[in-house]
Every structure is written in C-alpha cells, then in structure tokens.
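Asker: Fit chain B to the given chain A structure using the hints.
Going down the list, the sequences are from chains A and B. So the first sequence is numbered by numbering that gives the first Met the number 0: it starts at 0 and just counts up by one. So the second sequence is numbered by numbering that gives the first Met the number 0: it starts at 0 and just counts up by one.
Please keep in mind that the hints were generated in silico from the structure rather than gathered at the bench. Treat the hints with care, since some could be wrong.
One copy or two, either will do: identical chains are not told apart, so a pair holds if it fits within one copy or between any two.
[Said to hold, decoys possible] 20 Å max Cα-Cα, derived EDC-like pairs, lysine to aspartate or glutamate:
(1) K73 <-> E55
(2) K16 <-> E129
(3) K73 <-> D30
(4) K73 <-> E95
(5) K73 <-> E32
For clarity, every value in this text was computed on a predicted model and none was experimentally measured.
Next come the chains, spelled out residue by residue.
Number of protein chains: 2
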Amino acid sequence: MQLQRTQTDLVADADKKAAMQAYIDGLNNGDLEAVVALFAEDARIEDPVGSTQIIEGRQAIRAFYQQSISMDLKLRLVAPIRGSHGNEAAMAFEVEIHGMQPATVIRVIDIMTFNADGSIRTMQAYWSPEDALPLQKS
Amino acid sequence: MQLQRTQTDLVADADKKAAMQAYIDGLNNGDLEAVVALFAEDARIEDPVGSTQIIEGRQAIRAFYQQSISMDLKLRLVAPIRGSHGNEAAMAFEVEIHGMQPATVIRVIDIMTFNADGSIRTMQAYWSPEDALPLQKS
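If we strip away everything but chain A, and leave its shape as in the complex, we get (with noise of 0.2 Å):
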C-alpha cells in the first residue's frame, strides 16, 4: 500500500489559521491547557530554529510553556496568517516578555504543520539573537 496525500488529509486555511489564532491568544491569556490541547501528542519544537534544543511530546511541551507563560508574554501578529497549499501554515508576530529584565521584545516567524485532525505536529521558531530587542516603554 502507498501512503500518499488525499484531499480528505488537507486540513482546511481557515482551521489552520484558527488553530494559530487560538495558539497566540491562549498564551496572551496565560491558558496553558488551551495551548497544549492544540499539539498533537508526538508534536515537536524546535525554538528557536537552528539551536539544538528540540522539546518532544506533551509532557515536554506542557513544560515549555508553563515556562512561556510565566514569563508574561504578550503576542501581536504583524499581518495576516499565511497559508499554504498543503498542511502547514505560518505567520509573523511580535512576542514582549515582560517577565524579562530588562523587558524584551522578540520578532519571530513561526511555521506550524498540521496532522489530518487539525492538531499540530510540528512548530518550527525563527528568530536570531539580533531579532531580540528591548522593550520600549509607551
């Protein structure tokens, strides 16, 4: 048997970019079950990308942002949600850390691909040292 793409596989643009809407505004709302309940039981991190640190698995991934969100974190998207024509989906957003010092705020573009039940199966953050700049009090 061939293991290949079906469209009944496609997870649809809008769950995906909901799935992101609702990753953005639980961390906002420090609802950590919500966020976790979006990963799929295997999902995997890599943030940022290109440092070693991969975090895999819920346990693990509770654990990531149980630390997130005592960090008091406050997202904004920059634009709109990408798409793609397949599972995965991307968007640009600016993350303050207030529980820093000095408080900071991070530039990222974070890329996430979905499993056929709309979970996510993987995030992937990208973000150099540079991107990370201090928080400008308004």
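Answerer: Then chain B, alone, in the frame of chain A:
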C-alpha cells in the same frame, strides 16, 4: 569523517538578511541576473509550499524568475526580516502582481536556508489560495 555544523559554517545574521533584501530589490527592479545570482547552483524552490511543483537548479530557477518578473511584481516587506540560530531566515511580505487579470496581491512568508558561502540553498513560500486577493487600486 563526520559532518557537523561548525561556527565557521554559520552565515552571519546580517548577511542572510542582506541577501533576502537583495532578493526583494532584485525582483522589484526586474533584475533577473541579480536574483538568480543569489541562489546556489543546486538550489531548490517550493512555491507554494504544499504544491507538487519543485524548482531545482539554476536553469529552472532562472526560468521561474524570468516568468515571475514578466508578471510585473512589486514586493513589500510587512515586517523586519527574521533570522534564526542557524543558517535559516524568514520574511513576511506582500507581492502585487500587476501582470495578472485582475491585478492581485498575495500575502506570503518565505523561509530561506543558506549555504556557508551565503548563497540560498532553499526557498519555501507559504501562501494559500485564500491569501491571494484582488489588488485594491488606491
């Protein structure tokens, strides 16, 4: 002998970002050779991600961008280019395609990976049919 990334293989963040800005500028200027010269001989393009069409090698890449430039493109970054902790970078932009009927704008995020010499090894463009909209004339 084991292949391992060393510090000397790393392309500087500023160099990756300069190459991506040169890509934007080259397309806006209709400068095909400037765009093609940014890519490695064996570079690989997936545009859009999730399609079955893969463009591989300089000759195919030149044909791809020749076609693109003939469509009278205007690209505009919507946020600063993001780097990574490795040889990857990412950018969110809009591309106006004035040569389409009707004129169209597509919201895109590109991921590029780089060789140690700073040439582009891969480009992946994330956009869905829903990210293509009729261009509003101002």
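Asker: Compare the structure with each hint and give your call.
Answerer: Hints versus structure:
no.	hint	in the structure
1	K73 <-> E55	neither (24 Å within a copy, 40 Å between copies)
2	K16 <-> E129	between (28 Å within a copy, 11 Å between copies)
3	K73 <-> D30	within (13 Å within a copy, 40 Å between copies)
4	K73 <-> E95	within (5 Å within a copy, 31 Å between copies)
5	K73 <-> E32	within (17 Å within a copy, 42 Å between copies)
Hint 1 from the earlier list is the only one contradicted by this structure; the remaining hints agree with it.
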